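Student: One letter stands for each residue in the lines below.
There are 2 protein chains.
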Amino acid sequence: MSRFDEDLASLVSGTVEMTGLVAQSISRASFALLHGDLELAEAVIAEDDRVDAWQWTLDDQIISMMTRHGALVGDLRKLVAGLRITADLERMGDLARHLAQVTRLKYPEPVVPDAVRRHVESMGDVAERIAFKTGDVLARNDSRLAREVDRIDDEMDRLHRELFTVMLSPRWDEAVSTAIDVTLIGRFYERFADHAVNVANQVVYQITGEDPDRVGGPGLPPV
Amino acid sequence: MSRFDEDLASLVSGTVEMTGLVAQSISRASFALLHGDLELAEAVIAEDDRVDAWQWTLDDQIISMMTRHGALVGDLRKLVAGLRITADLERMGDLARHLAQVTRLKYPEPVVPDAVRRHVESMGDVAERIAFKTGDVLARNDSRLAREVDRIDDEMDRLHRELFTVMLSPRWDEAVSTAIDVTLIGRFYERFADHAVNVANQVVYQITGEDPDRVGGPGLPPV
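Protein sequence lines, in the order shown, are assigned to chains A and B. Just so we're aligned, residue 1 is where the first sequence starts under UniProt numbering, counting upward by one. Just so we're aligned, residue 1 is where the second sequence starts under UniProt numbering, counting upward by one.
Note that these hints are calculated values from the structure, not bench results. Here the structure is a predicted model, which means the values were calculated and not measured. Quick reminder that beta carbons are idealized off the backbone N, C-alpha and C, glycines included. Among the hints, erroneous ones may be present.
Unchecked claim - Okay, the calculated bits of chain A under chain B, using three or more residues with CB under 8 Å as the criterion:
#1 79 to 89
#2 162 to 174
#3 177 to 183
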């Protein structure tokens, strides 16, 4: 194993640990949201500093690897993907924090009305699953597994649409503030899953040099 | 001027042009939103492919610069900041597209009710101003100018809070679907401005090596 591969392995285990932290945050944030647990919400908000610190540390490690090793294009591609992965994980941590902040803001009022409780609960489960799956993709560096992240994201999108369907049904009879909260909560979960897809796409890019996001794009450079 | 500085100048003018495109998109998206202009909304949605293509081209240019030039840490710092800047600009383009997509989805119904029309109009103006200011920061590489981006973002945050105040006032008497739309529109504008702040912070990082985002953080690495 070359020095670069050793450093890369340490980097990967760092991103896997960061993903574990994010998975824990979204799981706790969802519990706090559904049960009005202020203490747990505060813990999620405080823990987000640790997620941020992980990004700084890993990014510094990546930049230092860029200087230490020769500038081989394949290595650089992996390192650049690494920078994007830490940015997405950091953002997933922010979204868990946003959920906890909604919980805190409304405390002791419950945030999630009964009409969408089941949907929000499912979105929380799916978010946790996609975070753990993303950790697997990183740990096993497996592009086939990355497609499973896409499938979990499809579930999230379906739940997100259902959430709106419930809110727009004639039976919905909640305060405007509840409609605002549920709209934002839905958006936070949906973005959380989108960032997980980005991470998985970056793993594919590291392996194949192809970014799945680019497929279907115009393909024509603007300059 | 060294070869690196020449390449960097071309990169900077690329990001400035990309910012101009994003500024145009948000300006058009705001007009389309307020006037129910479907044709303009479609144009914004189509143009987002060009924003994406800019990111791919500039990122390729950055990665190729990383390989061509020696791996000096100061140069790498600038290039890494460049990757983050293109990612934020790309996301700003997405948010302009989201606004256009709301317009398209509701057409021919108007999206913005009279009660918040003035607020949404102001958020559109502020978004356009912050995009142009961000272009200035990039073009002039000026960290003092970067602080003005922060001040414009404060205006956006104030407008965002006011939007909620109007929606939560007893006089608000709109359909749930309108509350959902206005909540999302407010969020899109607010995020647009946040990404502009990120770009400005990256310019500061390129100049000083200090990321303003890190200030006030825990400062302790997690490993």
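Student: None of the hints should be skipped; say for each whether it holds.
Tutor: Against the structure, the hints:
no.: 1; hint: 79 to 89; result: holds (count 4)
no.: 2; hint: 162 to 174; result: holds (count 4)
no.: 3; hint: 177 to 183; result: holds (count 4)
The structure meets every hint from the earlier list without exception.
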